[in-house]
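UniProt numbering puts the first residue of the sequence shown at 1, with every later residue one more than the last.
Don't take every hint at face value.
As the list claims (entries may be wrong) - DSS-like, lysine-lysine: derived pairs with alpha carbons at most 30 Å apart:
#, residue 1, residue 2
1, K106, K87
2, K106, K26
3, K87, K26
4, K42, K87
5, K106, K42
6, K42, K26
Treat the hints as calculated values from the structure; they're not laboratory data.
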Amino acid sequence: MKLNERSLAFYATCDSPADNAGFLYKRGERHTAYHRRWFVLKGNMLFYFEERDSREPVGVIVLEGCNVELCDSADGFAFAIRFGGTKSRTYVLAAESQAAMESWVKSLSRASFNYMRLVVRELEQQLEEMSRGLAGGCGGSREPPGPWKPKPSELERSRERLPALPAVLPKENGCAVWNNVLGADRLPDTSGCGGHDEEGSPRPPPLPPRRRVSNDEAASAGAAVAESPSTFCRLHEQYSREVARLRQDWQQRRRGPRP
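Between the sequences and the hints, there should be enough to build the whole structure, so can you do that?
Below, the structure written as C-alpha cells:
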C-alpha cells in the first residue's frame, strides 16, 4: 500500500476530532524494550508521535484486517494488534491503567472499515424492520410515499368542518332564517307542513304566529313604566313589614306556647 507522507502528516496533525488519544508504551520490533509514545486514533489509522507536541508522526498503523487481543504476560496492561499472514508484524502496546487499556482495546476494535460496514448493514436492517412495522400498523400499505404536502392549519380544518351555506338565505316574515342549512339538526316534521321545494332542499318549518298585545296589557305595561321611585319604595316597605310579621309568628310557633 502506497501512502502519501505529506497527506498523512497533515491529516494526523489537523484539527479534525480524534476517536482516541493518549500515551501508550510501544514495544520495539527488534528490541523488546518499551518506548513511551503519543498515540492518536483517527478513523482506521493509528498515528504515534515521539512527543505530544511533535509536528509529524513517527509512524502509522492502518487498522484493516487485524485483531486486537490482550497479552498474557507480566508487562502490565498490554495488548497486541495482530494482522493475518505469516510475514505480518504484530504491534504490542501497553497502557498505564486498566481503564485506559479497556478504552483503547474498544476503540481499536471498532476502527476498521469492515466493522463500520457491518454496523451500517445492521442499522439498515433495523430501519427496514421498523418501516415494515409502521406500514403494517397503518393498514399494511407498502406504497412509496408521495410528494410532501403541508398540513392544513387549524383555521382551514375548522372551515372544512363548517356546513356550506346557501347562496341566498331564505326569509320568513322579512327576516333571514340562518338555521335553514342542509344537514342542520332539527326535530322531525310531524305536522305535515314540511316537505321539499322544487330544487329538492328541505323547507323550514313554519314560524308560529306572533302574539298580539292587547290594549289592557299595553296599558298595564305603560303604567308600570310610568311608576315613580316613590311607589317602589312604598311597596318595598309594605313587603318588608309583612315579611317581618311572618318571621315573628314563625319564631313564636317554634318556641311553643308560654306557660
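Going through the hints against the structure:
1. K106 - K87: Judged against 30 Å, a Cα distance of about 26 Å means the pair holds.
2. K106 - K26: At roughly 18 Å apart (the allowed maximum being 30 Å), K26 and K106 satisfy the hint.
3. K87 - K26: holds (20 Å)
4. K42 - K87: Holds, at roughly 26 Å.
5. K106 - K42: The given pair, whose Cα atoms are some 14 Å apart, holds under the 30 Å limit.
6. K42 - K26: holds (18 Å)
Going down the numbered hints, you'll see the structure goes against none, and every one checks out.
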